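**Student:** What follows is each chain in one-letter form.
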Amino acid sequence: MTDSTLQSKKIVAGAQALAQTDDTEGMSYLESLPKRLVTLYLPLFVILIVLLFPFYWMALTSIKPDEQLIDMNTYNPFWVVHPTLKHISKLLFETEYPRWLWNTMYVAVGATTLSIIASVLAAYAIVRLRFKGADAVGVLIFFAYLVPPSILFIPLASVIQAYGLFDSPLSLILVYPTLLIPFSTWLLMGYFKTIPYELEECALIDGASRWQILVKIILPLAVPGLISAFIFSFTLCWNEFIYALTFLQSTPNKTVPVAIVNEFVDGDVYKWGSLMAGALVGSLPLVILYAFFVEHYVSAMTGAVKE
Amino acid sequence: MTTVQTSMPPQAAATVEAQPLWERLRTSRNVLALWFMLPAAAFLILFLAYPLGLGIWMSFTDERIGRAGIFVGLENYEWLWDDAIFWLSVFNTLLYTLVASAIKFAIGLYLALLLNRHMPFKAMIRAVVLIPFIVPTVLSAIAFWWIYDAQFSIISWSLIKLGLIHQNIDFLGSENWARGSVIFANIWRGVPFVAITLLAGLQTVSPSLYEAATLDGATDWQRFRYITYPLLTPIIAVVMTFSVLFTFTDFQLVWALTRGGPVNATHLMATLSYQRGIISGRLGEGAAIATAMIPFLLAAIAISWFGMQRRKWQQGSDND
Numbered sequence: 001m002t003d004s005t006l007q008s009k010k011i012v013a014g015a016q017a018l019a020q021t022d023d024t025e026g027m028s029y030l031e032s033l034p035k036r037l038v039t040l041y042l043p044l045f046v047i048l049i050v051l052l053f054p055f056y057w058m059a060l061t062s063i064k065p066d067e068q069l070i071d072m073n074t075y076n077p078f079w080v081v082h083p084t085l086k087h088i089s090k091l092l093f094e095t096e097y098p099r100w101l102w103n104t105m106y107v108a109v110g111a112t113t114l115s116i117i118a119s120v121l122a123a124y125a126i127v128r129l130r131f132k133g134a135d136a137v138g139v140l141i142f143f144a145y146l147v148p149p150s151i152l153f154i155p156l157a158s159v160i161q162a163y164g165l166f167d168s169p170l171s172l173i174l175v176y177p178t179l180l181i182p183f184s185t186w187l188l189m190g191y192f193k194t195i196p197y198e199l200e201e202c203a204l205i206d207g208a209s210r211w212q213i214l215v216k217i218i219l220p221l222a223v224p225g226l227i228s229a230f231i232f233s234f235t236l237c238w239n240e241f242i243y244a245l246t247f248l249q250s251t252p253n254k255t256v257p258v259a260i261v262n263e264f265v266d267g268d269v270y271k272w273g274s275l276m277a278g279a280l281v282g283s284l285p286l287v288i289l290y291a292f293f294v295e296h297y298v299s300a301m302t303g304a305v306k307e
Numbered sequence: 001m002t003t004v005q006t007s008m009p010p011q012a013a014a015t016v017e018a019q020p021l022w023e024r025l026r027t028s029r030n031v032l033a034l035w036f037m038l039p040a041a042a043f044l045i046l047f048l049a050y051p052l053g054l055g056i057w058m059s060f061t062d063e064r065i066g067r068a069g070i071f072v073g074l075e076n077y078e079w080l081w082d083d084a085i086f087w088l089s090v091f092n093t094l095l096y097t098l099v100a101s102a103i104k105f106a107i108g109l110y111l112a113l114l115l116n117r118h119m120p121f122k123a124m125i126r127a128v129v130l131i132p133f134i135v136p137t138v139l140s141a142i143a144f145w146w147i148y149d150a151q152f153s154i155i156s157w158s159l160i161k162l163g164l165i166h167q168n169i170d171f172l173g174s175e176n177w178a179r180g181s182v183i184f185a186n187i188w189r190g191v192p193f194v195a196i197t198l199l200a201g202l203q204t205v206s207p208s209l210y211e212a213a214t215l216d217g218a219t220d221w222q223r224f225r226y227i228t229y230p231l232l233t234p235i236i237a238v239v240m241t242f243s244v245l246f247t248f249t250d251f252q253l254v255w256a257l258t259r260g261g262p263v264n265a266t267h268l269m270a271t272l273s274y275q276r277g278i279i280s281g282r283l284g285e286g287a288a289i290a291t292a293m294i295p296f297l298l299a300a301i302a303i304s305w306f307g308m309q310r311r312k313w314q315q316g317s318d319n320d
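For the protein sequence lines, the chains are E and D, in the order given. Heads up: the first sequence at position 204 corresponds to 204 in my numbering, and the numbers run straight through without jumps. Heads up: the second sequence at position 98 corresponds to 98 in my numbering, and the numbers run straight through without jumps.
Just so you know, the hints here were simulated from the structure itself, not pulled from any lab data. Treat each hint with caution, since some may be false.
Claimed, not checked - Non-contacting residues of chain E with respect to chain D, defined by C-beta distances greater than 12 Å in every case (computed):
id: 1; residue: V50
id: 2; residue: P65
id: 3; residue: D71
id: 4; residue: V81
id: 5; residue: K86
id: 6; residue: S89
id: 7; residue: R99
id: 8; residue: V109
id: 9; residue: L152
id: 10; residue: S171
id: 11; residue: P182
id: 12; residue: I195
id: 13; residue: L199
id: 14; residue: I227
id: 15; residue: E240
id: 16; residue: M301
Said to hold, decoys possible - To give a feel for the contact side, a few chain E residues facing chain D, derived at Cβ under 7 Å:
id: 17; residue: M72
id: 18; residue: Y75
id: 19; residue: V127
id: 20; residue: A136
id: 21; residue: I154
id: 22; residue: P177
id: 23; residue: A203
id: 24; residue: I205
id: 25; residue: G207
id: 26; residue: S209
id: 27; residue: N239
id: 28; residue: T246
id: 29; residue: K271
id: 30; residue: W272
Computed from a predicted model, the values in this text were never measured in an experiment. We treat Cβ as the ideally placed atom computed from N, Cα and C, and that holds for glycine.
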C-alpha cells in the first residue's frame, strides 16, 4: 500500500513539476541566474517600486500623526511610529466625504447601467441585424471614442444649463454615457461576433423574436464581456474629472475627485493627513473591485485596443 | 369550392406584395435596427455630436456665462493669434505630449518585454503593475502633489540625506521643474496602460519563432528587431494613437497639480480653455481654444491611420 501511494505521489509531483515548467518557461533555462537577476529582476523591481511608491506614501501619510509629518529629522519619514486613525475619522465624520462617495457611486452606477443597455442594443444591431450602413455606423461609433471631453465641456455646460440640469448629478449620468457607449459597444461587438450564428438560426426557426434571442441566447453567452464592459465603464466614471468639475457647483453635490481638489485645499500645513486619507479612501473601492476582476479588466482594456 | 380555390391565390399574392405598413415595419430588419440603435444614437447625438458642432459655433461668438453671444467671426482666433499665453500653452501641450508619449512608449515596451518573461508570481506582478492606471488620476495626482511639496518633499529629503543636493527642490514652483514634474506624473500613470496592452500583443507572438531564431544564432537584439517589433507594429500604432490623444487632451493631472502655474509654465490647451472659458466666463474664447485642438487631434489620427494602412499593404490586406 505504502509502495503504491508513494509511487502515485511521485507521479503526481512529477506531473505538477511538469505543469509548472511546461510551456511557460520557454527558453528561459538558457539563461544563468546572475544574468536573469540583472536583466529581469532588478529592472522590474525598480519599476515596481516607482509605480507603487505613491500609494505607499499616500497610505503612510494618512495614518501618520501631524507632528511626524512636518518633523522629518526626529522621525524617519519612511516609517510611522504611533499610527493614528485621526485623519480618517476626521474625513468620515467631520466632512461631507461620505456624501461625496455616495454621489460618485450613484453617478457611476447610473451612467454605467444606461451605457451598457444602450451598448448591448447597438452592438447587437451592428453585428447581427446587419442593417443598411451597419459598418459605417460602427466606424462612426469608433470615432466617437476619439472625441475627448476637454473639447466638449464648454458647449456641454451650456447644453446642460439649457436643460436645467446644472449642478445636478443627473447631468453626469446623462453625459458620461458618451464616454462609455463607444468603448462598450466596440467591446461587445467583439464578443457578439464570437457567438455562432447557428444558435440564432435555431431560435429563429423555433419562432423566437429578435428580442427573445438577444435576452435568452446572446446575453447569457456574453456575460464575461458584459462584466468587462461594466468594470471598465465604472472605473472610467469614477475617474472622470472635467465634466464633474464644470457641471457641479455646490459642495454636497460634488464627486470625490472634484471635492478632494476643491474642498480640502485650504493652505493649512496640517491638511496633508486628511487629504491623503481622502485620496486613499477614494481609491480603495476601485482597487478592491479590480482585485476581484483583474482578468475581466485586462481583457476589456486589451480587447478594445485590439479591435 | 372552385371559386374559393381560384380566389385564394390572388389574395395571397396581394398580401405578399402589399402587406400592411405596420406589418412591414414589424418585420423589416432595417426598422428593427433603428429601434435597437436609438438609445445609443440619442446619447451620442445629444451629448456628443451636437456639443461638438455647438462648440465650433461658440468659438465664432463672444458668448459669456449668463449672456448669449453674437457672431463675431474670427475675432476670438485673431485675439488668440496675438496672445503669447495661448502660444505658450500650445508649446507646453506639444512638449508634454511628445516627451511623455515617447518615454511612455519606451518604458512601456521595456516593461512589457520584462513581464512577458517567465518568473515566479507572474500573474500577481502583472496585476499590481496596472494599479496606477486603476486609481483615479486626480487622487494619484494629489499624492504626487504631496511628494512634490516645496517644504516636505520626500524626494528632496532623500537627496539631501544622500548628500546630492543642499536645499529643497521647488518641484512645482519653478518653471522647468514644474514641467518635468507634471510630465513624470503623466508617464507614471500612462506606463501601465502601454505595458499591459503591448504585453497582450506580445503573448500572441508564437514562441517557436524565437526558438527557431535562437537556433539560427540570432542575438537578443536581433530577435527583438526582426521578430517582436514587426509583429507588434499594428498594436503599437493603436496603443500609441490612444496614448497621444489622451495625453494631448489631458486636463485633470495638470489641474490637480499646478492649475497651469507657475506663470503659465504648465498650462495645456485644455487647462487654458477651462481657465478662460469657465473661470473667467468667456465661453466664446474658451471654445476657440478647445476648437484649436481639433486640427492637432485629426493630424494624430491621420498619421496613425496611414501608418496602419501602409503596414497592412506590406503584410497583405487580408491581415487585420
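**Student:** Which constraints among the numbered hints does this structure fail? Numbers only, ascending.
**Tutor:** 1, 3, 9, 10, 11, 15, 16, 18, 19, 20, 23, 24, 25, 26 and 29
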